Amino acid sequence: MQKVLVTGSSGRIGEAFVTEHQDRYEFVLSDVREPARPIEGPHRFVQADLSDPSTADALCLGVDAVVHLAGIPDPDAEFDDLLHANILATTYLIDATWKAGCRRFIYASSAQTIEGYPVDRQVVPGMGVAPANLYGVSKCYGEALCSLYATQHGMSCVSLRIGAFEPSDGPPLETMRDLSAWLSRDDATHLIDRAIQAEISGHFIAHGISNNRFKRLDLTETRRVLGYAPKDDAFSTFPLPSG
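Read in the UniProt record's numbering, the sequence shown has 234 at position 234, and its numbers run on one by one without any break.
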């Protein structure tokens, strides 16, 4: 059983992934807040602030892979908050991952890294980043860190450009853009699992959306490289926005 560190484990995606795969992996869970409910099995939780440089090294010891979901996911976040939660924390964690000799670093990036492109233009592999806010800029920084550690230190890194993660039984998505960028719970947990298991060297940027009828992000390379097979479609799950 592989040992996997999941940061941001008390968040929506972290909680969904751990719940779905608690019998497949041995988890070290970390967050600034306690989980809503205890998890059973050979897992342990460590309450930690990753912007403190003294915490990451101990978390990564003996771990096979790191899934870094922690951070502020707010397009309107201020720079001072992003500096600590998204930039410093990611910097300390990826360095600790490398020093501990972990096999894989998986970084929760965001579709906000490319949100500056027109909403009716599909983003395909090889297009440059185009953030539309400082949150997107902070995620571009994380992707660049993954590239740095892959090229300079030989690490295997996967950046997941996560789209609009919302529950299928929640409120309707309000825009066509959100429908095209939707990532369902089941597809999100499958995507992270494939990011852990796929044979990858270097740094790969994966597109994290479901099998939506119109896709904000092209999934061709993500399917091929990760073996990702999303099943859900926002246009069949939610009503179309009016107007």
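Rather than coming from a laboratory, the hints here were simulated on the basis of the structure. For clarity, every value in this text was computed on a predicted model and none was experimentally measured. Heads up, a few of these hints could be off.
Unchecked claim - Label-pair distances were calculated between CB atoms; the ranges are: (1) 186 x 239: 34 to 42 Å; (2) 2 x 176: 37 to 45 Å; (3) 54 x 3: 15 to 23 Å; (4) 52 x 122: 20 to 28 Å.
The C-beta atom is built at its ideal place from N, Cα and C for all residues, glycine as well.
Evaluated hints:
Evaluation of the 34 to 42 Å hint for residue 186 and residue 239 yields a failure: the beta carbon distance comes to about 20 Å. Judged by the Cβ atoms, the range 37 to 45 Å given for residue 2 and residue 176 holds: they are separated by roughly 39 Å. Between residue 54 and residue 3, the C-beta spacing of about 21 Å keeps the proposed range 15 to 23 Å intact. A beta carbon spacing of about 40 Å between residue 52 and residue 122 contradicts the range 20 to 28 Å that was offered as a hint.
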